[in-house]
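Engineer: Each chain is listed here by its residues.
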Amino acid sequence: MKLFFVIFVLLLTAILQAGLAPFLKIFGNSPNLIFILILSLAVLTFYQPADKILITEKQLWISVILAGLSADLFSILPMGFLSLSFLGAIYSVSWFSGNVFGRLNFWTLLILVLIATLFYNLILIGLIRLIIGELTLGRPLFYSVFLEIVYNIILVWLIFYGIKKIFGQNRYTSRH
Amino acid sequence: MKKLIRKPAVLTLFIIIGLIFLNNYGLLEKPKEIFFRLASSFQKTAYRSGLWLNDFIGLLKHQERLNEENIYFLEENQKLEGIIVELKEAERENKFLRQQLNLEEKEPSRLILAEVIGQNSVNFGQGLLINKGRKDGLEEGMAVIAVGNRLVGRITRVFDSSAQVFLITHPNSRINILIQETEVKGIVKGESDSGLIIDWLDQKEEIKTGQTVVTSGLDGFFQKGLLIGWVEEVIVNQSQVFKKAKVKSAADFKRIERVFVIDSRL
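Line by line, the protein sequences are chains V and C. Start counting the first sequence at 1; every next residue gets the next number (my numbering). Start counting the second sequence at 1001; every next residue gets the next number (my numbering).
Mixed in with the good hints there might be a few duds.
Quick look at which bits of chain C chain V covers, simulated, 3 or more residues with Cβ under 8 Å [as the list claims (entries may be wrong)]:
1) 1014–1020
2) 1050–1064
3) 1109–1115
4) 1133–1141
5) 1221–1231
If you want the ones that stay clear, here's a sample from chain C, every Cβ over 12 Å from chain V, calculated [said to hold, decoys possible]:
6) ASN1024
7) LEU1028
8) LEU1080
9) GLY1082
10) GLU1089
11) GLN1119
12) PHE1166
13) LEU1167
14) GLU1191
15) PHE1253
16) SER1264
Just so you know, these hints were derived from the structure itself, not from any lab. Glycine included, C-beta positions come from ideal geometry on N, C-alpha and C.
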């Protein structure tokens, strides 16, 4: 996959995040499209077959930087908060794919998305508490994070299995 | 150390930290300006499409109520026309009395019209993106309102030709308010999904549903008299010192297309 294409899709997603995502709320939660995209790319990178590389690890990490930057640009949070949260989430996928989940199936995908979303939120909340101080969400944090996990699982599953259908692969094993 | 830096995640971390430092010294302003300038027309199209989709789904969901709502709004409109006539008369009288008492006339604030081109709705980072910026006279801290003096938020970040608005419904938002009918003072804070709540209301204060909530001007961020909303529900807990009240926001954040930025530098 050309890096240029990945960057184009990322920037388009950032624009859609600010333009369309606010109107796709379910129980008050909007999908975090940039995070979902980067998470899908991460799962693809770490589990794609060796003979059919769609995205290299270098391209993935460049995408993480650009995704974080574009998310930070549109957010009212200080610069770097979302970038660092993305980095932590993708690193967790990298670690778990290399040390725990050798093969990818529906359940491992579900667990990876859950772990990545938790890491993302933990790092973001930690940064907000550390630097801004006050953290209020207006509703229970658990409820908000739970909805986000559900949203992410559904969308990542759709994207990942869509790619699988297009490129026709059935076996995904960890590339570590 | 070299081995550690070669790890992609660590290298990415250093690059991000580097970019944060560059941003703190203002060295990323130009790339940000360029990005927003290039993205703003696509941004506007995406946002307009979202608004259209939202309206279309709303139309399908509430089709049956359309006729009733239409009649209600026609009646409301007629009532409001009557109120406008009375207010114009009051304004005329006010002007005359000010002249008689040699009081200085309040200078009207300059309003800068801006279009909303995006909305960030992800946890902790909610805000609006508008298509006016530094070159249009915007500065950080300026109040943003919708039609009818309805408070939307304030400018937090300004670029050359766009700006970010911190919404009053953001959970970290705190505004000093006044209940217009009783002059009771309080603090309104944001809850997610267009919700607002007034806190620190004395238990003895008379608060009723339907009362109008406006800015008091005491916090220095917003001028006095900007409409925040109406009391929707009073939450009383006798075991607590203060009571709370839920407020229905006057500005419709799900349909917001155009805003005015109050240029208070005059």
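Engineer: Indicate, hint by hint, whether the structure satisfies it.
Structural biologist: So, going through the hints one by one against the coordinates:
no.: 1; hint: 1014–1020; verdict: holds (count 5)
no.: 2; hint: 1050–1064; verdict: holds (count 4)
no.: 3; hint: 1109–1115; verdict: violated (count 0)
no.: 4; hint: 1133–1141; verdict: violated (count 0)
no.: 5; hint: 1221–1231; verdict: violated (count 0)
no.: 6; hint: ASN1024; verdict: violated (8 Å)
no.: 7; hint: LEU1028; verdict: violated (8 Å)
no.: 8; hint: LEU1080; verdict: holds (29 Å)
no.: 9; hint: GLY1082; verdict: holds (36 Å)
no.: 10; hint: GLU1089; verdict: holds (41 Å)
no.: 11; hint: GLN1119; verdict: violated (4 Å)
no.: 12; hint: PHE1166; verdict: violated (6 Å)
no.: 13; hint: LEU1167; verdict: violated (9 Å)
no.: 14; hint: GLU1191; verdict: violated (4 Å)
no.: 15; hint: PHE1253; verdict: violated (9 Å)
no.: 16; hint: SER1264; verdict: holds (21 Å)
Against the hints set out earlier in the document, violations occur for numbers 3, 4, 5, 6, 7, 11, 12, 13, 14, 15.
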